[in-house]
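Colleague: Residue strings, one per chain:
There are 2 protein chains.
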Amino acid sequence: MSLLVVGSIAFDTIQTPRGRAERVLGGSASYFSVVASHFTSPRLVGVVGEDFPEEHIATFKNHNIPLEGLERKPGNTFFWEGEYHADLNSRTTKAIQLGVFEHFTPVLPASYRDSKYVFLANSSPETQAGVLDQMDNPELVVADTMDFWIQSQKDALLKLLPRLDGLMLNDSEALLLSGETNLVRAGHAVRAMGPKFVILKKGEHGAMLFSDDGVFVVPAYPTAKVEDPTGAGDSFAGGIMACLAVDGTHLHGRLRRAMAYGTVVASLTVEDFGLRRLINTSRAEIDHRLQAYREMLSF
Amino acid sequence: MSLLVVGSIAFDTIQTPRGRAERVLGGSASYFSVVASHFTSPRLVGVVGEDFPEEHIATFKNHNIPLEGLERKPGNTFFWEGEYHADLNSRTTKAIQLGVFEHFTPVLPASYRDSKYVFLANSSPETQAGVLDQMDNPELVVADTMDFWIQSQKDALLKLLPRLDGLMLNDSEALLLSGETNLVRAGHAVRAMGPKFVILKKGEHGAMLFSDDGVFVVPAYPTAKVEDPTGAGDSFAGGIMACLAVDGTHLHGRLRRAMAYGTVVASLTVEDFGLRRLINTSRAEIDHRLQAYREMLSF
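Protein chains in written order, with this note's numbering: chain A, 468 to 766; chain B, 468 to 766.
Just so you know, not all the hints are guaranteed correct.
Straight-line alpha carbon distances no greater than 20 Å define the calculated SDA-like cross-link-like pairs of lysine to any residue that follow [claimed, not checked]:
1. B:K692 x A:T716
2. B:K692 x A:G681
3. A:K669 x B:N747
4. A:K621 x A:N637
5. B:K692 x B:Q620
6. B:K692 x A:G646
7. A:K663 x A:T716
Treat the hints as calculated values from the structure; they're not laboratory data. Treat the numbers as computed from the prediction; the structure is a model and nothing was measured.
Starting from the given sequences, assemble the full structure and let the hints guide the process.
Modeller: What follows is the structure, given as structure tokens:
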């Protein structure tokens with residue numbers, strides 16, 4: 468089934484206790500689509516500036532990611548610089564230059580409007596709704612959001628939620644949105660706002676799924692080699708959505724298996740800076756780690 | 468197989484955002500042994516004061532916990548008062564009166580020295596070593612510890628570790644003891660200090676096991692009804708040790724299954740104040756929740 472992602476494409480400068488990377492390819496849509504490319508050919512919609520090099524275009528091409536939805540505009544590509552703290556669980560943004568992303572209003576290529584699986588990466592709820600308005604008849608729409616939108620555009624977000632099949636957000640954001648102090652109650656409360664299912668991301672502690680089938684909790688895959696957490700959440704989303712898009716079975720078991728795939732690809736992402744580890748992996752390696760993960764969880 | 472626990476017996480006054488309990492029965496050995504009583508008849512070694520009421524003695528008796536190792540001394544029973552913060556993940560100790568526990572040097576009844584499974588609940592490493600010195604030939608010894616001992620009696624703790632089969636500690640304590648910033652590396656590092664396996668407790672985020680078989684991670688059972696987290700860690704230990712004591716199969720699968728049982732009983736503990744939920748449960752309910760937990764983790 469066709470899979471569409473609308474999100475950011477960026478240059479990231481990343482400092483962690485394990486090293487530094489300068490102006491590497493990043494952004495939610497980049498992580499998502501490189502992950503998804505190991506499962507299917509994802510349709511990418513995003514914007515870059517005049518400074519975006521052929522080298523990165525080639526990265527997308529090499530991963531079977533069509534470029535029809537990649538808009539190039541006068542100005543600079545979105546730039547982000549961040550520094551992670553010692554425990555790698557929190558970070559400080561050192562610089563942010565939105566560039567061409569600041570006034571980006573995604574316009575889907577006509578041939579993308581029939582996409583069946585849609586991921587609306589983190590952006591304003593109005594922008595996300597604007598993408599949905601362009602879709603013909605999607606089967607499964609999942610959006611990501613963040614504390615900034617919960618605080619500054621809550622009404623627009625609440626209006627968007629009933630239009631979604633799934634919402635992904637961090638644990639702290641779910642507490643903020645729901646006003647709860649317990650994650651389980653928060654997940655149920657956010658689901659009552661409209662989305663058919665809710666996925667709470669807990670970073671190194673894994674994730675929780677709230678759906679018709681109740682609550683499903685997965686731990687993170689315990690990798691000892693955490694170099695750079697950037698993109699873990701978008702990789703997780705890419706693994707989930709790609710797995711759903713290629714898996715034709717009933718939603719129940721699909722969501723759980725998709726969460727497991729998402730967990731495994733996110734654990735790969737953090738093992739090197741930027742997209743490096745994701746580029747240097749294969750479907751075989753992902754499946755191999757999935758099997759190790761499944762064995763780890765059986766008792 | 469015989470199971471021994473040496474630990475504290477206390478009166479707890481507990482305030483949480485969900486309510487308050489005054490001078491209820493608490494202490495590591497109480498939680499541990501009431502949990503374990505649903506699986507086997509645990510041998511309890513601890514001390515109480517003259518103020519310890521018949522009602523609590525009856526609680527132990529009703530749970531098939533023999534009282535041979537329950538010492539009664541002049542003075543008051545250990546008293547602790549704590550208040551949990553809004554998210555229930557942290558707490559402030561409001562009062563602590565060690566009473567008869569302050570100078571407690573456990574002396575095992577002669578008939579307990581042949582115990583095969585031994586849990587040394589949190590106390591000074593020297594006290595824990597003193598208990599081990601009294602054992603004939605235990606099969607499996609697990610100890611709990613805490614930041615206070617890591618900071619104040621690190622040498623004694625390091626001397627104890629090679630004598631243990633397993634060590635249980637909180638995630639932050641594992642980071643402190645190892646000097647690592649990543650939990651996976653911390654677990655491996657602590658294990659290299661001597662114990663055959665290490666269990667890292669992560670509270671609402673579950674637990675990790677480090678052993679010859681690699682790393683095994685379990686999420687917490689996602690209960691929405693968290694009333695009082697007191698005793699969750701000791702309940703977890705009680706479920707693990709009791710499960711190991713009654714399960715005759717090879718250690719590999721046993722430890723994982725035991726962790727699952729520990730997780731499930733800990734989730735029951737937090738659903739009511741003090742020991743109330745543990746007293747009002749049954750082996751059938753525990754097994755039922757274990758099955759739900761197993762299904763939750765399969766994909």
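Colleague: Take the hints in turn and mark each one as holding or not.
Modeller: Now the hints, each set against the structure:
1. B:K692 x A:T716: Violated, because 33 Å separates the two Cα atoms, which is more than 20 Å.
2. B:K692 x A:G681: Holds. K692 (chain B) to G681 (chain A) sits at ~15 Å (cutoff 20 Å).
3. A:K669 x B:N747: The given pair, whose Cα atoms are some 32 Å apart, is violated under the 20 Å limit.
4. A:K621 x A:N637: 16 Å, holds
5. B:K692 x B:Q620: Cα-Cα ~37 Å, so violated.
6. B:K692 x A:G646: Holds, at about 16 Å.
7. A:K663 x A:T716: 18 Å, holds
Hints 1, 3, 5 from the earlier list are contradicted by this structure; the remaining hints agree with it.
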